[in-house]
Amino acid sequence: DAKTTQPTSMDCAEGRAANLPCNHSTISGNEYVYWYRQIHSQGPQYIIHGLKNNETNEMASLIITEDRKSSTLILPHATLRDTAVYYCIVRLGANAGGTSYGKLTFGQGTILTVHP
Amino acid sequence: GAVVSQHPSRVICKSGTSVKIECRSLDFQATTMFWYRQFPKQSLMLMATSNEGSKATYEQGVEKDKFLINHASLTLSTLTVTSAHPEDSSFYICSARAPRLAGGPKVTDTQYFGPGTRLTVL
Numbered sequence: 007d008a009k010t011t012q013p014t015s016m017d018c019a020e021g022r023a024a025n026l027p028c029n030h031s032t033i034s035g036n037e038y039v040y041w042y043r044q045i046h047s048q049g050p051q052y053i054i055h056g057l058k059n060n061e062t063n064e065m066a067s068l069i070i071t072e073d074r075k076s077s078t079l080i081l082p083h084a085t086l087r088d089t090a091v092y093y094c095i096v097r098l099g100a101n102a103g104g105t106s107y108g109k110l111t112f113g114q115g116t117i118l119t120v121h122p
Numbered sequence: 037g038a039v040v041s042q043h044p045s046r047v048i049c050k051s052g053t054s055v056k057i058e059c060r061s062l063d064f065q066a067t068t069m070f071w072y073r074q075f076p077k078q079s080l081m082l083m084a085t086s087n088e089g090s091k092a093t094y095e096q097g098v099e100k101d102k103f104l105i106n107h108a109s110l111t112l113s114t115l116t117v118t119s120a121h122p123e124d125s126s127f128y129i130c131s132a133r134a135p136r137l138a139g140g141p142k143v144t145d146t147q148y149f150g151p152g153t154r155l156t157v158l
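Chains A and B supply the protein sequences, listed in that same order. Per my numbering, the first sequence runs over residues 7 to 122. Per my numbering, the second sequence runs over residues 37 to 158.
The following block holds chain A by itself, in its conformation from the complex (with noise of 0.2 Å):
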């Protein structure tokens, strides 16, 4: 799977947009971007994954550059529970097969504070 590179630490006001940003330079076509958040001595959370198109959910939109090589997570008002550390993982879709496939791997993440 592609490798992913995002700052290490953000902080962001209370109310404010969080926009969380993730290099994968080395997407391969039928590589997914996904995120998650780990909230302090929880087990990971899923907010929201894209191949090529914008998305958006209830949590958070999602923004993929035309070239795929970059993404922005975007939380629209953050509060102070948005506090976690947010993974940006490159994986491989559903059709890829092989031992690979829906295999998550974890870089370092970015920490982001929401402060009041």
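Since the hints were derived computationally from the structure, they do not count as laboratory data. Note that CB positions come from ideal geometry on N, CA and C, so glycine has one too. Check the hints yourself; a few may be wrong.
Between beta-carbon pairs, the in silico distance windows are [said to hold, decoys possible]: (1) B:K100 - A:P27: 37 to 43 Å; (2) B:S119 - A:I80: 24 to 30 Å; (3) B:N106 - A:E64: 34 to 40 Å; (4) A:I80 - B:Q78: 45 to 51 Å; (5) B:H121 - A:I80: 25 to 31 Å; (6) B:F75 - A:E64: 28 to 34 Å; (7) B:S119 - A:A19: 32 to 38 Å; (8) B:S119 - A:E64: 43 to 49 Å; (9) B:P151 - A:P82: 25 to 31 Å; (10) B:S54 - A:N59: 43 to 49 Å; (11) A:I117 - B:E58: 40 to 46 Å.
List of simulated lysine to any residue pairs, SDA-like, C-alpha gap at most 20 Å [unchecked claim]: (12) B:K77 - A:F112; (13) A:K109 - B:K56; (14) A:K109 - B:R60; (15) B:K56 - B:S119; (16) A:K109 - B:Q96; (17) B:K56 - B:T156; (18) A:K58 - A:T78; (19) A:K109 - B:K100.
Quick look at which bits of chain B chain A covers, simulated, 3 or more residues with Cβ under 8 Å [what the hints assert, rightly or not]: (20) 78–86; (21) 149–158.
Model the placement of chain B on the given structure of chain A, informed by the hints.
Frame of chain A; chain B shown alone:
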């Protein structure tokens, strides 16, 4: 939907004993579950992939005889840490791969994680 539970949430045991951790998908069937381990201030590391009805596939460096995985049903996988030692103390997290949920958002083949099990070996 897509809830994964783990039991127990916390366990303390003596060195040399075995500990079993259960991972259940509560509202969906999961043909594939994954087991991860996370040491303090580190990221999650995949230990093994568990497929229902077949042997688990272990990542390089993970001892299959020490970390026994059983995936006997579509909603339950277990991880047994045999002859646990203090260096096995860690946060163990499972995930289950969900099929596309009927009527739900476009969530295809996504992994959902359990809350984790904190293992402390004395």
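So which of those numbered hints doesn't the model satisfy? As far as the earlier hints go, 2, 4, 5, 7, 11 and 13 are violated by this structure, in ascending order.
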